[in-house]
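Participant: Chains P and A, in that order, give the protein sequences. Heads up: the first sequence is residues 31 to 166, going by this note's numbering. Heads up: the second sequence is residues 307 to 695, going by this note's numbering.
Keep in mind that the hints were calculated from the coordinates and are not lab data. Be a bit skeptical, because a hint or two may be false.
[Said to hold, decoys possible] Straight line, CA to CA, 25 angstroms or less: simulated DMTMM-like cross-link-like pairs of lysine to aspartate or glutamate:
{"#": "1", "chain 1": "A", "residue 1": "Lys572", "chain 2": "P", "residue 2": "Glu120"}
{"#": "2", "chain 1": "P", "residue 1": "Lys137", "chain 2": "A", "residue 2": "Asp432"}
{"#": "3", "chain 1": "A", "residue 1": "Lys572", "chain 2": "P", "residue 2": "Asp60"}
{"#": "4", "chain 1": "A", "residue 1": "Lys511", "chain 2": "P", "residue 2": "Asp135"}
{"#": "5", "chain 1": "P", "residue 1": "Lys83", "chain 2": "A", "residue 2": "Glu440"}
{"#": "6", "chain 1": "P", "residue 1": "Lys37", "chain 2": "A", "residue 2": "Asp627"}
[Claimed, not checked] Heads up, incomplete: computed chain P residues facing chain A, CB under 10 angstroms, no partners named:
{"#": "7", "residue": "Gln38"}
{"#": "8", "residue": "Phe39"}
{"#": "9", "residue": "Trp45"}
{"#": "10", "residue": "Asn92"}
{"#": "11", "residue": "Val96"}
{"#": "12", "residue": "Val97"}
{"#": "13", "residue": "Arg98"}
{"#": "14", "residue": "His99"}
{"#": "15", "residue": "Val101"}
{"#": "16", "residue": "Asp108"}
{"#": "17", "residue": "Pro110"}
{"#": "18", "residue": "Leu115"}
Built from N, CA and C at the ideal position, the CB exists for glycine as well.
Residue strings, one per chain:
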Amino acid sequence: MNIKPAKQFLEQPYWQHLAKGKLFLNSCNDCGSSHHPPSPICPKCRSFNTGWKEASGKATLNSFTVVRHAVHPHLEQDVPYIVTLVDLEEGVRLVSGIPAGMEVDLKVGMALECKVIQKDEDFALPYFVPVDADKA
Amino acid sequence: MKTSIVGIGQTEFSTNSGRSELKLALEAILSALDDAGLEVNDIDGLVRYTWDNTSEAAIVNALGLPSLKYYGETEFGGVNCCGAIAQASAAIQAGLASCVVFYRALNARSGVRFGRGERVLSEDGDALISHQPEPPGDIYSAPFGLLVPGQHHALYAQSYKGHYGLSDERFTEMLGSVAVTQRRYANNNPRALMKDRSLTMDDYKNARVISEPLRIFDYCLETDGAMAIVLVSQERARSMSAKAVDVLSASQYIFPGSVPMYLYAKDTYSLAPPEAGEVLFGRAGLKPSDIDVAMVYDATSMMVPLALEDFGFIGRGEAADFLISGQNGPNGSLPVNTHGGLLSEGYFHGLNSIAEGVRQLRGESSNQMKADTVFMTLRGASSMIMGRA
Ligand SMILES: [Zn+2]
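So that you can see chain P by itself, here it is in the shape it has in the complex (with noise of 0.2 angstroms):
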């Protein structure tokens, strides 16, 4: 699959931290809050004093889809793929996915970790995985 961001969006410090390896939320300076999409202002405490932090990689899982009908022909070899909303520890929620080919068995609920995954030089996503998916 290949669908990115436009590259005005690219160099936003959400997606310049993920080109370098990292998944850095958008948190409040004041009320130490996380949040996500990032946004000018806190939506806890109302502070425009915000910045960003790197997440712990630590989620749960609260949906997910297997998709198995390309809605677009670019997409007809990516066919099933699958898609997941994650809850992060730090209380924010990602969309996110699984990494193509790997073999898991999802149930809402399970213990997830962060794996960023580098698709080109100046663009990577965070795929958030089972835990003990690469012991398996």
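Using the hints, position chain A with the ligand against chain P.
Facilitator: Just chain A with the ligand now, kept in the frame of chain P:
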């Protein structure tokens, strides 16, 4: 609210209308005025979705309306099917306009399709590019292949299934009951795209999976056509036609993460907190047990169990029992989507479901129920109750 729906009008539903969205809109508006017994020059207000391609200017100019004293737009598409009714009603009650038409025209099958990724992506060599700041198909979703609303609905469905620990079989029967029951309604409905196509539970179970756990028959029908709804004050409606249906309550209710696509909402196995129902029913002085027929914006079948639970028609986690036992059917305790819904009549961004509510209350439905009070919602984001004040 102190307003009434006095006219409903539409073109045929099809997969290829063969004409412009403007022409479709005009046909639907004239048809709705005819139904109401009003003249074109009676229109002094228009409401529409921001997503509609046909502007108020295009309508005013095409019809040569002498003047338009109010026009308003609500964000998104069907999310605001009842929000547009609330807006038209508010304008009438505030004295900004006296006769407001809510219209929707779209060539959603022969033109730009909501079920296709091309709507949100551009091509750059081998790569596909997202430019969208918000779902669906936004920069955070698209790279994982989450592109169209129907895939989001699969995420809510899986979340519900997991949260209540439903087996594959029971979950399949729950949604299958929605699809099959609504198809039977559509088989009696001359307007329905699926009028002549039967659907059995076996057909449903054996159908192609689109995005697990949803099958092809869990999805609505991309449709070409147009619809229009005419509103006036209750007082004026009383002097017009016995067919008038009153807007007893109309509401909008969104919360952080809920719009556009609920990806970031706190819960994904429930799409509206209890307050959404309290606001809606409170304004009408009614409770869920007062409702005779429900219209649920079923972009997918999953919207039906969620709405029934979210608005307190049944308890949390009770949807499988309710639907599998056919309580949404013609002999059930709460018939749902008696036109066949967006699944089997057509995907008309909710206007066709409002129109079916009007028909039920007029006694003109193809699947007529005993109906004094009709409920309608889209995921709680906008909702209404129709009846007679
Ligand atoms: Zn803060």
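Participant: If a hint holds in the structure, say so; if it does not, say that too.
Facilitator: Cross-check of the supplied hints:
no.: 1; hint: Lys572/A <-> Glu120/P; in the structure: holds, 14 angstroms
no.: 2; hint: Lys137/P <-> Asp432/A; in the structure: violated, 34 angstroms
no.: 3; hint: Lys572/A <-> Asp60/P; in the structure: holds, 23 angstroms
no.: 4; hint: Lys511/A <-> Asp135/P; in the structure: holds, 22 angstroms
no.: 5; hint: Lys83/P <-> Glu440/A; in the structure: holds, 23 angstroms
no.: 6; hint: Lys37/P <-> Asp627/A; in the structure: violated, 50 angstroms
no.: 7; hint: Gln38; in the structure: holds, 9 angstroms
no.: 8; hint: Phe39; in the structure: holds, 5 angstroms
no.: 9; hint: Trp45; in the structure: holds, 8 angstroms
no.: 10; hint: Asn92; in the structure: holds, 6 angstroms
no.: 11; hint: Val96; in the structure: holds, 4 angstroms
no.: 12; hint: Val97; in the structure: holds, 5 angstroms
no.: 13; hint: Arg98; in the structure: holds, 5 angstroms
no.: 14; hint: His99; in the structure: holds, 4 angstroms
no.: 15; hint: Val101; in the structure: holds, 4 angstroms
no.: 16; hint: Asp108; in the structure: holds, 7 angstroms
no.: 17; hint: Pro110; in the structure: holds, 8 angstroms
no.: 18; hint: Leu115; in the structure: holds, 6 angstroms
This entry does not satisfy hints 2, 6, going by the numbered hints stated previously.
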